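There are 2 protein chains.
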Amino acid sequence: MSVSGVKAVLFDVFGTVVDWHGTMHREIDIFRGQKNATFDTGTFVTAWRTAYRQGLADIRAGKAPKISNRLVYRAGLEKLLAEHKVKNVSEAELEHLSRIDQRFQPWSDSIAGITRLKKKFITGTLSNGTLVALTNMAKNAGLPWDVIISADLLGAHKPAPEAYLKTATLLDLNPEEILLGAAHNYDLKAAQSNGYKTGFICRPLEHGPNGKNETEAEGGWDIISDSIEELAEKLGA
Amino acid sequence: MSVSGVKAVLFDVFGTVVDWHGTMHREIDIFRGQKNATFDTGTFVTAWRTAYRQGLADIRAGKAPKISNRLVYRAGLEKLLAEHKVKNVSEAELEHLSRIDQRFQPWSDSIAGITRLKKKFITGTLSNGTLVALTNMAKNAGLPWDVIISADLLGAHKPAPEAYLKTATLLDLNPEEILLGAAHNYDLKAAQSNGYKTGFICRPLEHGPNGKNETEAEGGWDIISDSIEELAEKLGA
Numbered sequence: 034m035s036v037s038g039v040k041a042v043l044f045d046v047f048g049t050v051v052d053w054h055g056t057m058h059r060e061i062d063i064f065r066g067q068k069n070a071t072f073d074t075g076t077f078v079t080a081w082r083t084a085y086r087q088g089l090a091d092i093r094a095g096k097a098p099k100i101s102n103r104l105v106y107r108a109g110l111e112k113l114l115a116e117h118k119v120k121n122v123s124e125a126e127l128e129h130l131s132r133i134d135q136r137f138q139p140w141s142d143s144i145a146g147i148t149r150l151k152k153k154f155i156t157g158t159l160s161n162g163t164l165v166a167l168t169n170m171a172k173n174a175g176l177p178w179d180v181i182i183s184a185d186l187l188g189a190h191k192p193a194p195e196a197y198l199k200t201a202t203l204l205d206l207n208p209e210e211i212l213l214g215a216a217h218n219y220d221l222k223a224a225q226s227n228g229y230k231t232g233f234i235c236r237p238l239e240h241g242p243n244g245k246n247e248t249e250a251e252g253g254w255d256i257i258s259d260s261i262e263e264l265a266e267k268l269g270a
Numbered sequence: 034m035s036v037s038g039v040k041a042v043l044f045d046v047f048g049t050v051v052d053w054h055g056t057m058h059r060e061i062d063i064f065r066g067q068k069n070a071t072f073d074t075g076t077f078v079t080a081w082r083t084a085y086r087q088g089l090a091d092i093r094a095g096k097a098p099k100i101s102n103r104l105v106y107r108a109g110l111e112k113l114l115a116e117h118k119v120k121n122v123s124e125a126e127l128e129h130l131s132r133i134d135q136r137f138q139p140w141s142d143s144i145a146g147i148t149r150l151k152k153k154f155i156t157g158t159l160s161n162g163t164l165v166a167l168t169n170m171a172k173n174a175g176l177p178w179d180v181i182i183s184a185d186l187l188g189a190h191k192p193a194p195e196a197y198l199k200t201a202t203l204l205d206l207n208p209e210e211i212l213l214g215a216a217h218n219y220d221l222k223a224a225q226s227n228g229y230k231t232g233f234i235c236r237p238l239e240h241g242p243n244g245k246n247e248t249e250a251e252g253g254w255d256i257i258s259d260s261i262e263e264l265a266e267k268l269g270a
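Respectively, the protein sequence lines represent chains Z and X.
Count along the first sequence from 1, add 33, and you get the number used in this note's numbering.
Count along the second sequence from 1, add 33, and you get the number used in this note's numbering.
Since the hints were made in silico from the structure, they are not lab data.
One or more hints might be untrue.
Copies of the same chain look alike in the list, so a pair counts if it fits in one copy or across any two.
Claimed, not checked - The list that follows gives simulated cross-link-like pairs (lysine-lysine, DSSO-like), each with its CA atoms no further than 30 angstroms apart:
hint	residue 1	residue 2
1	Lys152	Lys112
2	Lys99	Lys40
3	Lys172	Lys99
4	Lys120	Lys199
5	Lys68	Lys151
6	Lys68	Lys120
7	Lys152	Lys172
8	Lys112	Lys99
9	Lys118	Lys40
10	Lys245	Lys40
11	Lys40	Lys96
12	Lys120	Lys267
13	Lys118	Lys245
14	Lys267	Lys245
15	Lys199	Lys118
16	Lys112	Lys96
17	Lys199	Lys99
18	Lys151	Lys96
19	Lys153	Lys40
20	Lys118	Lys152
Nothing here was measured: the structure is a model prediction, and the numbers come from that model.
Let the sequences and hints guide you as you build the complete structure.
Shown next, in the form of structure tokens:
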């Protein structure tokens with residue numbers, strides 16, 4: 034089996050391990066009710082996430098000053114609240130919502146799957162998220178990572194080769210001793226071309242039932258699965 | 034209480050959380066017996082640790098090419114084995130001993146103390162060790178860290194201010210929201226001057242019963258304790 038030399042199983046997190054869309058939808062829907070607001074929750078969530086990603090892209094491209102991801106979430110939120118004329122939002126509410134990524138909930142198979150993998154492999158994240166979000170998320174949700182590796186630690190974002198290669202160096206492993214589990218083909222493609230083993234985990238609801246979801250493995254990945262438990266099973270864990 | 038705003042409790046690891054000297058002494062003593070070698074175990078351990086620290090210092094000073102900490106341990110070990118004319122050491126034995134830092138055992142109060150602290154605070158390492166050593170050590174010993182922060186991740190070694198300040202930025206906390214627990218006054222001094230809260234944990238056997246041990250708090254630390262459990266108690270965890 035081509036994955037026999039694997040020593041560490043690392044994961045993309047947002048979408049692959051946690052259901053960011055579901056968590057945002059749930060929290061924003063409750064918030065909308067509390068504020069008697071009339072916006073459409075799904076549209077609001079998509080717009081907020083888009084603003085967040087654009088904010089990060091602008092920072093990385095040098096078009097905007099560097100601020101924390103929390104403040105990028107907050108800027109997008111404040112803009113949307115103003116557009117929808119939602120008033121009487123307290124500072125505490127804004128701060129709480131700006132930390133929403135720390136509360137993203139795992140898919141139902143994630144904890145069980147990681148717990149199984151952990152007995153046989155080093156398990157961890159290889160995420161474009163921040164250390165603080167990933168740490169608090171793990172603590173809130175009970176994700177039992179051995180190690181948390183994030184873009185702000187690496188100083189590199191996937192799919193840049195440095196993100197994969199620096200991670201291997203930090204773990205004192207060869208790239209082929211690491212398997213990346215991800216729901217996104219672009220990530221697996223970059224991991225594979227940098228020597229990693231690859232596991233596709235299909236998440237047909239990542240962007241919600243009406244979202245543009247990635248449901249097909251588009252490369253020669255070592256493992257294709259519908260859950261982290263299935264990935265663990267196929268890795269003999 | 035001056036520590037009331039603390040949100041994260043981070044630890045120095047080698048000597049503070051784990052008994053590196055005891056682990057090395059035990060493993061080298063067994064190895065000595067297996068090889069029918071006649072060196073003094075205590076002297077050997079001290080020399081190996083000294084060679085390791087010198088090897089790292091030479092790399093940081095640019096006097097030696099950068100290699101992994103594992104290879105620094107290995108170089109010191111091979112030199113000592115040659116000096117003591119210990120022969121018939123296999124490649125597997127050399128590799129195993131060179132990873133000794135992944136097997137350092139916790140002091141008897143460490144796991145219980147961190148487990149208590151974890152319920153109230155983010156717990157983690159702020160160590161000059163490597164991510165791979167700290168990750169495998171935690172996995173082997175069951176140290177339940179929320180997050181592992183290491184010098185190779187930070188690109189800075191304590192007591193350099195960047196090590197403390199970059200850690201605070203990564204955790205999205207102000208320095209005064211972090212308490213550093215350490216058995217070493219120099220580390221607490223640097224942490225304090227960079228705004229951290231401080232907790233001295235006395236480890237009178239860090240360097241073994243005959244070693245040069247640090248047994249006195251030499252600064253105005255916020256908490257002084259004899260164990261991580263006592264530190265947890267004093268932090269109300």
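Here is how each hint holds up against the structure:
1. Lys152 with Lys112: Intra 45 angstroms, inter 36 angstroms, cutoff 30 angstroms: neither.
2. Lys99 with Lys40: Cα proximity of lysine 99 and lysine 40: across copies only (24 angstroms, versus 36 angstroms in one copy).
3. Lys172 with Lys99: within (27 angstroms within a copy, 35 angstroms between copies)
4. Lys120 with Lys199: neither (45 angstroms within a copy, 36 angstroms between copies)
5. Lys68 with Lys151: neither (43 angstroms within a copy, 35 angstroms between copies)
6. Lys68 with Lys120: within (8 angstroms within a copy, 76 angstroms between copies)
7. Lys152 with Lys172: Both: 19 angstroms inside a chain and 9 angstroms across chains, each within 30 angstroms.
8. Lys112 with Lys99: Result: close within a single copy only, 18 angstroms intra versus 48 angstroms inter.
9. Lys118 with Lys40: neither (52 angstroms within a copy, 35 angstroms between copies)
10. Lys245 with Lys40: So lysine 245 and lysine 40 fail the 30 angstroms test inside a copy (33 angstroms) and across (39 angstroms) alike.
11. Lys40 with Lys96: neither (40 angstroms within a copy, 33 angstroms between copies)
12. Lys120 with Lys267: Neither, since 51 angstroms and 43 angstroms both go past 30 angstroms.
13. Lys118 with Lys245: within (28 angstroms within a copy, 67 angstroms between copies)
14. Lys267 with Lys245: For lysine 267 and lysine 245, the Cα distance is within 30 angstroms only inside one copy (28 angstroms; across copies 51 angstroms).
15. Lys199 with Lys118: neither (45 angstroms within a copy, 38 angstroms between copies)
16. Lys112 with Lys96: Classified as within; 18 angstroms inside a copy, 53 angstroms across copies.
17. Lys199 with Lys99: Classified as both; 23 angstroms inside a copy, 15 angstroms across copies.
18. Lys151 with Lys96: neither (41 angstroms within a copy, 39 angstroms between copies)
19. Lys153 with Lys40: Within one copy only: 8 angstroms inside a chain, 33 angstroms across chains, cut-off 30 angstroms.
20. Lys118 with Lys152: neither (51 angstroms within a copy, 39 angstroms between copies)
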